[in-house]
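Chain order of the listed sequences is R and P.
Our numbering applies: residue 3 is where the first sequence begins, and numbers increase by one.
Our numbering applies: residue 261 is where the second sequence begins, and numbers increase by one.
For the record, the hints were derived by calculation from the structure and aren't laboratory data.
Where a beta carbon is used, it is the ideal one built from N, C-alpha and C, also for glycine.
Treat each hint with caution, since some may be false.
What the hints assert, rightly or not - Which bits of chain R does chain P cover? Going by a derived footprint, with three or more residues having C-beta under 8 Å, they are:
hint : region
1    : 130-141
2    : 213-225
To be verified - To list a few chain P residues with every Cβ distance to chain R over 10 Å, as calculated:
hint : residue
3    : H335
4    : K342
5    : L361
6    : T364
7    : N374
8    : D398
9    : G400
10   : I401
11   : N430
12   : A442
13   : L452
14   : D453
15   : E490
16   : L493
17   : A510
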Amino acid sequence: MTEEQTKSSPPASNGGGGSNEVLVPARLRSAGFAGVGASLLRLRELSVIVVAVALFAYFSIHSPSGFLSQSNFGNIADFVSAWAIIAAGEVMLLVCGEIDLSAAMTYALTPIVMMSLHGNGLPLFVAFLIALLVAATVGLFNGLVTVFLGLPSFITTLGTLFLLHGITLKISGSNPMAAPTEGDFVRALGGWKWSEILWAIAIAITMQIVLTNTKWGAYTIATGANFVGAAEAGIKVRQIKIRAFLITAVFSGFAGMLDGIHITQSFDPNGDPNLMFTAVAASVIGGTALLGGSGTVIGALFGAALLGILQDGFNIIGLTATTFVVVEGAAIILAMVANTQLTRFRRGAKAA
Amino acid sequence: MTAEQAVSADGAPATIRAEGIGKRFGTVTALSDINIRVGQGEVLGLIGDNGAGKSTLIKILTGYHQPDEGQIFIHGEPVTLKSVVHARSLGIETVFQDLALINTLPVYMNLHLNREPTRGPFLRRHAMREQARRYLDDIGISIPSVNAEVANLSGGQRQAIAVARSVYSNAKILLLDEPLAAMGAKEGGIILDLIKMLRDRGDLSIIIIAHNYSQVFDVCDRVNLLQHGEITLDKKTSETSAEELLDIVAKEYRTGGKLAEGRGRYLAEIRDID
Chain R
3 MTEEQTKSSP
13 PASNGGGGSN
23 EVLVPARLRS
33 AGFAGVGASL
43 LRLRELSVIV
53 VAVALFAYFS
63 IHSPSGFLSQ
73 SNFGNIADFV
83 SAWAIIAAGE
93 VMLLVCGEID
103 LSAAMTYALT
113 PIVMMSLHGN
123 GLPLFVAFLI
133 ALLVAATVGL
143 FNGLVTVFLG
153 LPSFITTLGT
163 LFLLHGITLK
173 ISGSNPMAAP
183 TEGDFVRALG
193 GWKWSEILWA
203 IAIAITMQIV
213 LTNTKWGAYT
223 IATGANFVGA
233 AEAGIKVRQI
243 KIRAFLITAV
253 FSGFAGMLDG
263 IHITQSFDPN
273 GDPNLMFTAV
283 AASVIGGTAL
293 LGGSGTVIGA
303 LFGAALLGIL
313 QDGFNIIGLT
323 ATTFVVVEGA
333 AIILAMVANT
343 QLTRFRRGAK
353 AA
Chain P
261 MTAEQAVSAD
271 GAPATIRAEG
281 IGKRFGTVTA
291 LSDINIRVGQ
301 GEVLGLIGDN
311 GAGKSTLIKI
321 LTGYHQPDEG
331 QIFIHGEPVT
341 LKSVVHARSL
351 GIETVFQDLA
361 LINTLPVYMN
371 LHLNREPTRG
381 PFLRRHAMRE
391 QARRYLDDIG
401 ISIPSVNAEV
411 ANLSGGQRQA
421 IAVARSVYSN
431 AKILLLDEPL
441 AAMGAKEGGI
451 ILDLIKMLRD
461 RGDLSIIIIA
471 HNYSQVFDVC
481 DRVNLLQHGE
491 ITLDKKTSET
501 SAEELLDIVA
511 KEYRTGGKLA
521 EGRGRYLAEI
531 RDID
C-alpha cells in the first residue's frame, strides 16, 4: 500500500535536485501557499509524510491496544526528538556537501560539561550556555580543519568523534552524572513531558525557513551544488560550510542536554553511538541528497518520525529491536535508490 | 599609442583596450605585444586555435593573470586588474564554458545569486520572480518558467541564463568563452540570438572567444585572429569573410608555420589551467 502511494507521486522522494518547482502549476504556487508557507510543505517531503502516516495507520489498526494512547505518543516523541534536532543540523551539512560523524559525541560531551560546571557552583543556566559554547567550539574546529586544511569532513569528524569521547570520559571519570530535576529551566529543557518534541519541531521549522527563505539557505544549497561556481559568484563558501558545522554541533549538544534531563535523568559519557547514524538516516529518508545541493529539514523531521513510529510500533507488536535495525538499513537503501532513480528518470524525460 | 588604437570607430574611447600585452610562463612566451580594443556596442570575435593563447588573454582581461608587459585601459583610464572580483567591480563579466550556474536552484534564484533582495532576513521571492520574468522577456530568452530548476533546462537555455546573469549584474564588458561549445545548431541559435539582441541594445562591449569562427562570424562586428600568441589579423567582418580566415589558418597548417612553438604554448596553457 505504501509502495503504491509512493509510486503515485513520482517527484516526492526526490533529493537529487528535483523538478518539483516545474511540476507544480504556477498558480498553485503563487496563489494558495504564498511566501513562507509554500516552502514549508513542498512535494519533496510528500512521500516520507505519506509513508509515516501509513505506518501510523497500520500500527493503529494492527497493534494491540495502547498504540493510540497519550503515553505511547510520548514514547514516540522520545524516540524522535533527538534524531530530529541533530538531523536539522546534519541536513544543512549534507546540503553543502559535508557530514558530521562526531555529533553523537558532542551530544555526550555538553551535558557532562554543564553538570561539571554546575557542580562547581555555577548557576545551571550559565553552565548550560557555556556548554553550548563548548559545542560551538567543537563545530568551529570541525569546520576550520575541514575547510582550511582540506580534509574530508568524514575524516575530520571521525577524529573528533574519538577525541570528544575520550575527553568526555576523562571529565566524567567514566561515570554517568545525575541530571538536574528541579526548576522551570529544567522543565523547559525537557523536564516537561512534551518540551523536547516541541523543541525539535520548533528547530525543524526554523531551519526549514532558513534553508528555503534566507540567503544563508540559498548559499548553502549553492555551495553544495557548485562549490566553484558559488565561489565565483562571490559567495563566501568556506564560511557557509563552517556555519553548518557550527550549528550541527550546537544542536547536537542541545539535544544531549534535553535527552538526559528528559529520558534517562542522567548523562551517559558514552552517549548513544547510533544517534548520529539515525539522524543522517532520517535526513536521507526525508529526501536530502547525500551528495549535496538539495535537502529538506521538514523531510528529516518526518524521516525521524517515520523511524520513531517504526521502532515504537515494533516494540508494541512484539518484534525485537534487532528487526528495527534491519528495517532501518533497508529503508535507507530504498530511499537512496528512489532518489537516484527518480533523478535519472526526470533527466531522461527531459532529454526525450 | 596610435590614434587608431585609442579611439573606436565612432570617435569615443574604447570601452576596453589592451596595449602591448605580453605574458610568459617560465621560458615559454604565451602572449607577445597583444593590442586589442572593443568599443561600446561592439562585438569582437577573438579567434584562434587551441594553444594560440586565447585563454591566457581572457584570464588577463578578467584579472585572473597579471600581464608581464603592457597596459589595460577602461574608458581610456589605465587600470591594473588585481583579481577577478576587482575586474568584476569595474564591469568586466566572464561567462566560462563550464557553467557557473547552481543546478539545484530555480532560474530566478540563479539570476539573483548573491544579489538577492530581502525583507528583513527573508528572501523576497515574489519580487525576484517578477524581476526575473520581466528581464528575461526583455532580452528575449524563452524558458518554460523562471521557477524551473536549472538542471531541467537544455544546454542552450542554461548558457543563455548564464549570459543573462552576467548582463543582469550591470556588466559593461562581457567576455564569452566558447559560448557555442558542444551545442547543436538550434541550441547555438539561442545564444547567437541573445548576442545579437545585446549588441543591438548598444550599451555592452562583447568579446567572443571561439576556435570555430564560422559559427560566430555573423554576430561579430570585427574579428581578431590570434596565432601563436600574436594577433595576426584585425578586420571588420564586413571587410573579410569566413573563407579568408579559413585560408589564413589553413596556410598556417600547410606550411607547418610555428607549429612546434605553438605546441609549447599549448603546454603552457594546460599548465595555467592547473
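- prompt: For which of the previously enumerated hints does the structure constitute a violation, in increasing order of number?
  reply: Checked against the structure, the hints that fail are numbers 1, 5, 6 and 7, while the rest are satisfied.
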